[in-house]
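Enquirer: What follows is the residue order along each chain.
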Amino acid sequence: MYESVILRTVARVMMPLLLLLSVFMLLRGHNLPGGGFIGGLLASAAIIMQIIAFGPTFARKVIRVGYLNMAAFGVFFGALWGLPALFFNLPYMDAFWINDPIPGIGKIGTPVLFDVGVFLAVIGVTTRVALLLAEEPELFPMYVQAETEE
Amino acid sequence: MLLWIVLFALVTSPLGLLGRRTPRPLIGWGLAVLPLSLFVLLALQIPLIASGGRLDEAVPWVPAMGLELRFSLDGLGMLFALIITGIGTLIVGYAGAYMANDAGLGRFLVYMFLFMGAMLGVVLAGNILTMFVFWELTSITSYLLIGYKHDYPDARRGAQQSLLITGIGGLALLLGLLILAAAAQQVGVSVADSYRFDALIAAGEQIRQTALYAPAVALIFLGCFTKSAQFPFHFWLPGAMQAPTPASAFLHSATMVKAGIYLLARLSPGLGETLLWNGTLVAVGGFTFVFGSIVAFRQYDIKALLAYTTLSMLGGLVMMIGLGGKYGAEALVTGILAHALYKSSLFMVAGIIDHEAGTRDLNKLGALRRYMPITMVVTAIALLSQMGIPILMGFVSKEWMLKAALESSLPAPWPLVALVAIVIGAVGYIIAAWRLFRNAFLGEPSPTVQKHHLVDPKWSMLLSPAVPSALSLILPLGLLPAVSSLLSPAASAVYGAPFTFELYLYRGVNTALLISLGVIAVGALFATQQQRLAAQKIIASINGAVVFDKLIEGLLAFATGMTRMIQSGRLRTYLLYVVLVFMLFVGTPFVAYGLDDIRFVLDENLRFYEVVVTALIPIAVIATIAASSRLGAIIALGVAGAMVALIFVLFSAPDLALTQLLIEVLSTVFLLFVFSVLPSRFASLSPAWVRWRDAFIATVFGVMMAMLVLAASSNTDFPSLAPWFLANSLSEGKGANVVNVILVDFRGFDTLGEITVLFIAVLGIYGLLRFRRVKPDVRASGRDAQTIMPGEDTLLAGNGASAAGEHQVSAGVEPSAVRAKR
Numbered sequence: 001m002y003e004s005v006i007l008r009t010v011a012r013v014m015m016p017l018l019l020l021l022s023v024f025m026l027l028r029g030h031n032l033p034g035g036g037f038i039g040g041l042l043a044s045a046a047i048i049m050q051i052i053a054f055g056p057t058f059a060r061k062v063i064r065v066g067y068l069n070m071a072a073f074g075v076f077f078g079a080l081w082g083l084p085a086l087f088f089n090l091p092y093m094d095a096f097w098i099n100d101p102i103p104g105i106g107k108i109g110t111p112v113l114f115d116v117g118v119f120l121a122v123i124g125v126t127t128r129v130a131l132l133l134a135e136e137p138e139l140f141p142m143y144v145q146a147e148t149e150e
Numbered sequence: 001m002l003l004w005i006v007l008f009a010l011v012t013s014p015l016g017l018l019g020r021r022t023p024r025p026l027i028g029w030g031l032a033v034l035p036l037s038l039f040v041l042l043a044l045q046i047p048l049i050a051s052g053g054r055l056d057e058a059v060p061w062v063p064a065m066g067l068e069l070r071f072s073l074d075g076l077g078m079l080f081a082l083i084i085t086g087i088g089t090l091i092v093g094y095a096g097a098y099m100a101n102d103a104g105l106g107r108f109l110v111y112m113f114l115f116m117g118a119m120l121g122v123v124l125a126g127n128i129l130t131m132f133v134f135w136e137l138t139s140i141t142s143y144l145l146i147g148y149k150h151d152y153p154d155a156r157r158g159a160q161q162s163l164l165i166t167g168i169g170g171l172a173l174l175l176g177l178l179i180l181a182a183a184a185q186q187v188g189v190s191v192a193d194s195y196r197f198d199a200l201i202a203a204g205e206q207i208r209q210t211a212l213y214a215p216a217v218a219l220i221f222l223g224c225f226t227k228s229a230q231f232p233f234h235f236w237l238p239g240a241m242q243a244p245t246p247a248s249a250f251l252h253s254a255t256m257v258k259a260g261i262y263l264l265a266r267l268s269p270g271l272g273e274t275l276l277w278n279g280t281l282v283a284v285g286g287f288t289f290v291f292g293s294i295v296a297f298r299q300y301d302i303k304a305l306l307a308y309t310t311l312s313m314l315g316g317l318v319m320m321i322g323l324g325g326k327y328g329a330e331a332l333v334t335g336i337l338a339h340a341l342y343k344s345s346l347f348m349v350a351g352i353i354d355h356e357a358g359t360r361d362l363n364k365l366g367a368l369r370r371y372m373p374i375t376m377v378v379t380a381i382a383l384l385s386q387m388g389i390p391i392l393m394g395f396v397s398k399e400w401m402l403k404a405a406l407e408s409s410l411p412a413p414w415p416l417v418a419l420v421a422i423v424i425g426a427v428g429y430i431i432a433a434w435r436l437f438r439n440a441f442l443g444e445p446s447p448t449v450q451k452h453h454l455v456d457p458k459w460s461m462l463l464s465p466a467v468p469s470a471l472s473l474i475l476p477l478g479l480l481p482a483v484s485s486l487l488s489p490a491a492s493a494v495y496g497a498p499f500t501f502e503l504y505l506y507r508g509v510n511t512a513l514l515i516s517l518g519v520i521a522v523g524a525l526f527a528t529q530q531q532r533l534a535a536q537k538i539i540a541s542i543n544g545a546v547v548f549d550k551l552i553e554g555l556l557a558f559a560t561g562m563t564r565m566i567q568s569g570r571l572r573t574y575l576l577y578v579v580l581v582f583m584l585f586v587g588t589p590f591v592a593y594g595l596d597d598i599r600f601v602l603d604e605n606l607r608f609y610e611v612v613v614t615a616l617i618p619i620a621v622i623a624t625i626a627a628s629s630r631l632g633a634i635i636a637l638g639v640a641g642a643m644v645a646l647i648f649v650l651f652s653a654p655d656l657a658l659t660q661l662l663i664e665v666l667s668t669v670f671l672l673f674v675f676s677v678l679p680s681r682f683a684s685l686s687p688a689w690v691r692w693r694d695a696f697i698a699t700v701f702g703v704m705m706a707m708l709v710l711a712a713s714s715n716t717d718f719p720s721l722a723p724w725f726l727a728n729s730l731s732e733g734k735g736a737n738v739v740n741v742i743l744v745d746f747r748g749f750d751t752l753g754e755i756t757v758l759f760i761a762v763l764g765i766y767g768l769l770r771f772r773r774v775k776p777d778v779r780a781s782g783r784d785a786q787t788i789m790p791g792e793d794t795l796l797a798g799n800g801a802s803a804a805g806e807h808q809v810s811a812g813v814e815p816s817a818v819r820a821k822r
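Protein chains in written order, with the UniProt record's numbering: chain A, 1 to 150; chain B, 1 to 822.
One should not assume that every hint holds.
[Said to hold, decoys possible] Stretch by stretch, here's where chain A covers chain B in the computed footprint (C-beta under 8 Å, at least three residues):
{"hint": "1", "stretch": "408-415"}
{"hint": "2", "stretch": "739-748"}
[Said to hold, decoys possible] Simulated coverage check for chain B against chain A, where a stretch passes if three residues somewhere in it have a Cβ under 8 Å from a Cβ of chain A:
{"hint": "3", "stretch": "282-289"}
{"hint": "4", "stretch": "500-506"}
{"hint": "5", "stretch": "670-682"}
{"hint": "6", "stretch": "729-736"}
Bear in mind the hints are in silico, worked out from the structure with no lab data behind them.
Please read all numbers here as calculations on a predicted model, not as lab measurements.
All C-beta atoms, glycine included, are put in the ideal place defined by N, C-alpha and C.
Could you put together the complete structure from these sequences and hints?
Expert: Quick look at the structure:
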């Protein structure tokens with residue numbers, strides 16, 4: 001959006017780091033500050049930085065996902081992990097855990113997977129809104145294009 | 001077993017789709033086996049019911065709240081269930097022949113089976129909430145059946161009318177039933193029992209003493225009167241005649257419209273014996289009785305004529321419930337049986353005439369006796385029963401109605417009112433019946449009749465009307481003891497105490513018989529004048545449908561006006577309404593009850609930097625308001641947000657601080673996205689008084705929120721949840737980060753709701769930005785200050801709302817939890 005060499009360089013370097021950090025935040029969330037919501041906001045901040053530095057078209061090319069679909073999948077995925085409890089005649093969303101922690105990830109249970117759903121939903125929603133604004137012809141006539149993403 | 005009966009009827013409904021194939025008459029009668037099997041199954045229970053027993057089954061759901069699927073079978077339910085399945089069997093077979101050339105039969109039969117299941121649910125339900133669910137289901141299936149020929153505007157109109165009327169009534173009924181249950185709870189019935197019919201009836205005496213009795217009864221009346229087409233809600237029933245004839249015969253004469261009667265009868269032992277109950281029922285029922293029978297004989301369309309006699313008879317039955325006592329109960333159950341038999345037969349005959357001659361217009365028919373002798377005999381028997389001519393079932397029924405009026409224990413005017421209504425109504429029936437018979441079967445063949453090659457239909461079609469018609473004759477002649485043993489338990493359920501009675505045709509001369517004979521004589525006299533009577537303009541002007549249409553129009557105009565006022569398209573107006581409503585509904589009770597909770601205790605360990613950080617927030621807010629440039633305002637707002645985040649850090653709530661910071665950053669980015677289209681001049685465009693008003697409302701709202709938070713945190717009436725979460729987070733939630741465990745485990749369902757809201761918000765933003773109509777003039781002056789940009793408004797609102805939602809969840813628990821950590 002602003003053709004700034006500094007911004008573009010920083011964005012290029014920071015993007016993978018921020019995305020990694022967001023996943024890290026997501027996974028540590030259960031025991032240390034972090035979690036799906038914070039991780040999701042971080043990830044979308046990283047992507048929004050791309051949008052600002054290189055424009056929405058480039059940002060779309062770098063990360064080829066449909067954000068609306070991603071948001072929908074996040075909600076679905078989150079809701080999905082409430083279901084197993086029903087098979088054991090427990091209330092919806094009762095938690096199940098694998099007893100031994102998996103190296104590098106930590107303990108896995110349905111709440112963590114639910115948090116992944118939250119993570120995806122937040123990324124999808126926030127980034128989609130940013131893209132909508134960035135691609136709004138009245139706001140940024142220079143990015144007008146025939147796009148039908150989702 | 002009862003549960004399975006209802007389920008079976010509902011689950012097997014898709015089998016109706018077989019009706020798409022040919023030969024349809026054969027498939028129709030094949031499918032009739034389904035209701036027939038239920039009929040047989042129910043009939044096997046007759047000995048049990050006749051000996052005073054009852055069946056009761058319950059599937060509990062939330063027992064503490066009285067929510068359960070409860071079915072019970074007693075005499076009254078048995079009578080109705082037998083009528084539903086018995087007539088249903090005949091109707092399904094008849095429909096196959098009637099609609100032999102209509103591939104839509106499949107769809108039609110599915111609706112019919114669904115309706116049958118729903119109706120069985122209504123009459124077998126032992127819990128008022130169970131009953132209500134099925135009650136509404138009958139309205140919906142009735143709507144589908146009336147609108148079956150959905151390419152005809154009249155059918156759509158009739159369907160919509162009936163759905164709206166019965167739907168409004170259904171809402172009133174639900175409210176009435178809930179009030180009734182509340183009244184029962186007041187007088188000491190346990191919550192779990194307060195939704196059961198038997199418990200409600202048992203507690204009836206005390207319920208009648210409570211203040212809730214009158215509103216409950218009024219609302220229940222509204223529900224029953226709309227369902228059973230009582231004046232002034234009667235007009236949907238003639239409109240419902242747009243349904244195919246088998247549906248009219250089944251729903252709109254024999255079964256669904258009697259659901260209101262059923263419920264009144266069911267509740268009458270508990271709620272009856274007050275002037276409100278009995279007087280209203282006699283007045284409304286009596287008027288409907290007379291009104292329907294007088295309007296009936298003026299009709300030209302056979303089905304319309306039958307529809308009006310039906311609603312008249314429904315009025316008569318309501319009146320019988322109102323008269324009360326043993327005779328009232330006996331007359332009611334006898335009337336239900338007699339009416340179901342002759343009216344279903346007549347409707348099916350109307351369908352046959354329509355099918356064969358291509359018209360139902362009485363002015364275009366005539367001399368059918370020459371072509372359709374068997375049909376004529378069937379019709380004649382049914383009509384004689386309707387007229388109440390001796391030795392037919394209708395006669396017995398009318399005798400008992402007269403007896404109920406003569407023997408009623410109600411205060412002075414009501415028995416007389418009922419008597420007069422019965423006499424006038426019965427005369428009307430005779431005129432109407434004679435008119436139908438004369439114009440259709442006697443006289444010279446009309447040109448329409450001559451054009452068609454008319455013959456009696458095949459037995460696959462004729463059997464269905466013939467059976468109930470024949471029963472109208474056979475039952476009183478040979479089977480009255482058997483009928484009595486079936487009807488006695490039904491009457492007992494209506495009366496409230498077990499008793500038996502014997503129906504009979506003739507037992508000496510008495511008042512009822514004399515009146516009956518007099519009515520027949522007068523009716524015969526008038527009947528010869530039927531053409532002239534039909535031409536009279538007596539009460540043609542009472543047309544509820546017109547009033548109804550006006551009401552609906554008015555409602556739509558009102559809704560449009562409200563929408564215009566509220567949906568202004570300006571974010572500030574929306575915010576204003578939201579804040580005002582919130583202040584009204586939260587602020588009022590808070591000021592009334594919550595102010596005592598506020599205790600402000602200064603923390604002794606308060607640090608200097610904490611004071612500074614906190615003080616910076618109001619300063620930043622004032623700076624935002626006073627800023628002279630937009631960028632300045634955004635930065636000042638950012639300062640306020642950052643200070644809030646800092647407070648979270650100081651009170652060791654890192655999760656909240658992180659979230660707050662990220663939200664601050666993203667909000668600022670979003671604001672900057674739309675920066676370029678905002679007007680370059682940053683000035684207040686509202687007049688001064690609007691600004692002062694907004695400032696005032698904002699201040700009051702802010703103070704109220706602060707007080708609320710203070711009151712919530714200093715309230716000691718409830719134990720804090722925080723210790724529980726701290727203690728159980730690791731053991732139960734397997735996580736050391738309490739905030740996150742609360743978000744994804746303890747209160748995970750809330751979070752699921754929130755991300756769903758987020759997703760809905762993004763869909764809304766998508767729609768607003770991508771699919772909005774671009775107005776040329778707005779585009780041209782796109783940089784103008786007054787331009788409304790729905791996209792931005794909603795974006796900010798949506799974003800703010802989602803952020804606020806997140807804060808609520810965590811902030812509600814967090815501060816105290818964090819305090820405890822320190």
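Enquirer: So, for every hint listed, does it hold in this structure?
Expert: Evaluation of the provided hints:
| no. | hint | result |
| --- | --- | --- |
| 1 | 408-415 | violated (count 0) |
| 2 | 739-748 | holds (count 7) |
| 3 | 282-289 | violated (count 0) |
| 4 | 500-506 | violated (count 0) |
| 5 | 670-682 | holds (count 5) |
| 6 | 729-736 | holds (count 4) |
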